[in-house]
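**Q** The listed protein sequences derive, respectively, from chains A and B.
Under the numbering used here, the residue at position 124 of the first sequence is numbered 124, and the numbers go up by one with no gaps.
Under the numbering used here, the residue at position 6 of the second sequence is numbered 6, and the numbers go up by one with no gaps.
These are computed hints drawn from the structure, not numbers from a lab.
These numbers come from a predicted model, not from an experiment.
Heads up, simulated SDA-like pairs for lysine to any residue below, C-alpha to C-alpha not over 25 Å straight-line:
#1 A:LYS28 / B:GLU47
#2 A:LYS76 / A:THR35
#3 B:LYS46 / B:THR91
#4 B:LYS49 / A:ILE51
#5 A:LYS61 / B:LEU48
#6 B:LYS49 / A:ASN62
#7 B:LYS46 / A:CYS32
#8 A:LYS28 / A:SER124
#9 A:LYS97 / A:ILE116
#10 A:LYS28 / B:GLU99
#11 A:LYS64 / A:TYR78
#12 A:LYS61 / B:ILE55
#13 A:LYS64 / B:GLU99
#14 B:LYS49 / A:GLY39
#15 A:LYS97 / B:PRO98
#16 A:LYS64 / B:LYS49
#17 A:LYS73 / A:SER124
#18 B:LYS92 / B:GLN68
#19 A:LYS58 / B:ASP59
#20 A:LYS58 / B:GLU47
#21 B:LYS46 / A:ASN68
#22 A:LYS73 / A:SER34
#23 A:LYS144 / A:ARG134
#24 A:LYS66 / A:LYS76
#25 A:LYS61 / B:ARG45
#26 A:LYS50 / B:MET1
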Amino acid sequence: MISDIVNVILCLGNCVLLVNLRRMRLEKCWFCSSTVYPGHGIQFVRNDAKIFHFCRSKCHKNFKMKRNPRKVKWTKAYRRLHGKDMTQDSTFEFERKRNRPERYDRNLAENTLKAIKKIDKIRSDRASDHIKNRLKTGKVQRQKEARKQLELGIHLVKAPLALAQDSSLCLPKIKAMCPKHRQKRISPWKSEIGFAVPRLGIFVHQNLMHATRGLNYQEVFYVVSSGLEF
Amino acid sequence: MIQPQTHLNVADNSRARELMCIREAVPNTPLERSEVITAVIISTRKELKRDNGMIIRYDDNAAVVIDQEGNPKGTQIFGAIARELRQLNFTKIVSLAPEVL
Numbered sequence: 001m002i003s004d005i006v007n008v009i010l011c012l013g014n015c016v017l018l019v020n021l022r023r024m025r026l027e028k029c030w031f032c033s034s035t036v037y038p039g040h041g042i043q044f045v046r047n048d049a050k051i052f053h054f055c056r057s058k059c060h061k062n063f064k065m066k067r068n069p070r071k072v073k074w075t076k077a078y079r080r081l082h083g084k085d086m087t088q089d090s091t092f093e094f095e096r097k098r099n100r101p102e103r104y105d106r107n108l109a110e111n112t113l114k115a116i117k118k119i120d121k122i123r124s125d126r127a128s129d130h131i132k133n134r135l136k137t138g139k140v141q142r143q144k145e146a147r148k149q150l151e152l153g154i155h156l157v158k159a160p161l162a163l164a165q166d167s168s169l170c171l172p173k174i175k176a177m178c179p180k181h182r183q184k185r186i187s188p189w190k191s192e193i194g195f196a197v198p199r200l201g202i203f204v205h206q207n208l209m210h211a212t213r214g215l216n217y218q219e220v221f222y223v224v225s226s227g228l229e230f
Numbered sequence: 001m002i003q004p005q006t007h008l009n010v011a012d013n014s015r016a017r018e019l020m021c022i023r024e025a026v027p028n029t030p031l032e033r034s035e036v037i038t039a040v041i042i043s044t045r046k047e048l049k050r051d052n053g054m055i056i057r058y059d060d061n062a063a064v065v066i067d068q069e070g071n072p073k074g075t076q077i078f079g080a081i082a083r084e085l086r087q088l089n090f091t092k093i094v095s096l097a098p099e100v101l
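Chain A on its own, in the form it takes in the complex (with noise of 0.2 Å):
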């Protein structure tokens, strides 16, 4: 048992860290498997000395109920059980429970804090590869029961020519009036140099103003784009 007065340790994965000459430790939740950092949850130690923690009361409520975690559908444990996540990987070797504190030293905790993030984008990237490789099978699965859906209902499918000419299938075209305040008033904005139409991706500069006074907006766009100099 490691005495609480301590340097400073800092272990890969299984951060030790010191507070108030008192040691801490990452742990995981017995029942959902997640970390428990220091200041939440609940341990419970057992007459037998064995030590159980719980990241929060669900967890904690679970275990009084108790459940077994293989059984229970959200828990880390039942999703590796049942291939659901990645179980084994070169990864999860350096996270691995270290009971040796190791000395201080400055350069080492600054690569650790390095190689935590970078080792924790791999696993990530791998888990959710396993997850998406996990659930390609179904995919092409679903293709291949829409193609046979399709193949055995076609005669319900009408192709798109006959749709057309059948007028009982198409709703009947209506000619309707737009409300005048309902149409959109694209407005200019005025500057000093000259006036734009951001909408419509139109400046026209205050020399060219005198040119375009009075055209509607097509006609601007052809003065302007001739390239007259100004």
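Once you've looked at the hints, dock chain B against the given chain A.
**A** The following block gives chain B in isolation, referenced to the frame of chain A:
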């Protein structure tokens, strides 16, 4: 929460098996059935909060029979013990304990 009338398990090999709490800090007498003795609580089912934010809970309420000076009457202690006992100067008990958590 240990209150008067609470039954406590005894975690040492003094001949007591179960204690009932009558009040805090009672003077000692030789050990007999339904004797009034002093005992120190070593674990509680109610959670203990520590300064580092840790909350710890044991499986039972247990006590160790002690004498006036705080030395245990028995020679062995069973089960895990709360670390707080060290701060409260029950060093003999802590040294006898198989595990201090």
